[in-house]
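Protein chains: 2
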Amino acid sequence: MSKLISGKMLSAQINKELRNEVTQLKEKGVEPCLAVILVGDDPASAVYVRNKKRTCDELGIKSVGHDLPENTTQYQLENLIHDLNNDPSVNGILNQFPLPIGLDESKIIRKISPEKDVDGLNPLNAGLIAMGQPIFISCTPYGVLQMLKRSNISTSGKNTVVLGRSNLVGRPIATLLSSKGWDSTVTVCHSRTKNLAVITSQADILIAAIGIPEFVTFDMIKEGAVVIDVGINSIEDKSKKSGTRLVGDVAFEEAQRKASLITPVPGGVGPMTIAMLMANTVNAARLQNGLPRLNI
Amino acid sequence: MSKLISGKMLSAQINKELRNEVTQLKEKGVEPCLAVILVGDDPASAVYVRNKKRTCDELGIKSVGHDLPENTTQYQLENLIHDLNNDPSVNGILNQFPLPIGLDESKIIRKISPEKDVDGLNPLNAGLIAMGQPIFISCTPYGVLQMLKRSNISTSGKNTVVLGRSNLVGRPIATLLSSKGWDSTVTVCHSRTKNLAVITSQADILIAAIGIPEFVTFDMIKEGAVVIDVGINSIEDKSKKSGTRLVGDVAFEEAQRKASLITPVPGGVGPMTIAMLMANTVNAARLQNGLPRLNI
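Read top to bottom, the protein sequences are chains E and V.
Per the working numbering: the first sequence = residues 278 to 573.
Per the working numbering: the second sequence = residues 278 to 573.
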């Protein structure tokens, strides 16, 4: 029976460290500030934005909301970002996605100054990860790394299999874990991979990020493996009042019988992401004030 | 006994196609132009630059040399690049490395406009590769892809092992081959990998890019594998007049008894790189003139 890696607990630990750090920064006259842009009325986006702002409040980070109407033009949004890029009191810029139809996300991502791109979405930041010199790691990959680090899981020389090759999750996780310092031997699997179970069952560390509910089953897991489940999928469950429940990309109950360590869903990678956004914001403030990066 | 993948032959084929393309571009009033910067007196760099300019000539691409003295300052070099970035008659900028001691290569790389970065070194271009939207692929990885493509080697669903995780070669090759369209299941191995021979001998396609002479031996290769040797190492050979000869990262003679296809050294990946620089220059000219990318 495996032990749980609790994202709830680890993110609370990180937030506590960041709160102390923010207090110390303020004593030096530096107040970290995150600009949060929300365009339109998507209710899920509104919830995400509220949670991010609330965590800012809890940590003593200033958050400045920019709520724009559904009919905002590309020009108006780019203009706002231009102003925020040039505002020295703003350290990080977060634009909640998805944007309303008609607005070009990838142009917006590239418009945000790489120095303020605390979401780590700018291709320049992806490139710096690929080149081993990351400024900001996007929040989900960063959260996965922290879970491994803070659970004292040694990655060097281990066989790590990443299921999924998305720009935002699978790809950066694979690149980071195979880079110096992490030193894993990483294999990236995807929909075209043949003999998938043969490959995954050789993994000392298995990271699932494909967005298919309970895809990873008992026979795909090596005895004693570490299993990190990045998936968050809503499936039908008539026993619930809402009619649905959240599951990961891993069939949790059966995986738990084989893994040594495993992340739950919910309460695993999910809670880490906001904590890592906060960490990036604090580091943005440090870097913009000539202070070295915080090694969390 | 394996068949050879000849970089000499394939690069000649690509150059021929590019020559035709340049002729057609000129009929439309577009003359591709590459600015070639050489700082200092390094004899090897002088040879590389001469070869690149000569290939430009052969293809009808205009090359403009900028030979700067050894004592050029960072400021002067950045100023030149600034001017070339803003010169609409220049499509591509190549700065031959290494630079003399005291000049900051990574700053120079980032100074070159991503739209003119035909060497594909700017981190933004690395990021666009990671995100599946490359503008320019750096010349060695691009050459490897062309060798696979033009030898009709199917990569989809194949196990590909990349030996080496360098920013310039191993990493982008791994990323590209696991991305959509290429669809390989890619494992990146490096100095910290355990049981290396077990992993490499499962590879349908084995790409060696670690810079260690004749590192890959008979027992590390799967029967019938495709072996791409990116290494170019000079080793002692008293039978030669020069006292040295060039070998790859693969022990060629023994590997040849097991591989189905293999690249020689010299005459393998090496000759491909200049051809791919030419391809990037032609594409820079096309993109800057509103024409779609050439699918070579």
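Just so you know, the hints here were simulated from the structure itself, not pulled from any lab data.
The model shown is predicted, which means the values in this text are computed figures rather than measured ones.
Be a bit skeptical, because a hint or two may be false.
Copies of the same chain are indistinguishable here, so a pair counts whether it falls within one copy or spans any two.
Mimicking DSBU-like on lysine-lysine, the simulated pairs with C-alpha atoms at most 35 Å apart in a straight line are [what the hints assert, rightly or not]:
1) Lys518 with Lys330
2) Lys303 with Lys471
3) Lys330 with Lys280
4) Lys305 with Lys339
5) Lys339 with Lys384
6) Lys515 with Lys457
7) Lys280 with Lys471
8) Lys515 with Lys293
9) Lys285 with Lys339
10) Lys303 with Lys517
11) Lys293 with Lys517
12) Lys499 with Lys305
13) Lys285 with Lys515
14) Lys517 with Lys457
15) Lys535 with Lys517
16) Lys293 with Lys457
17) Lys305 with Lys293
Item checked: Hint numbers contradicted by this structure -> 2, 6, 8, 10, 12 and 14
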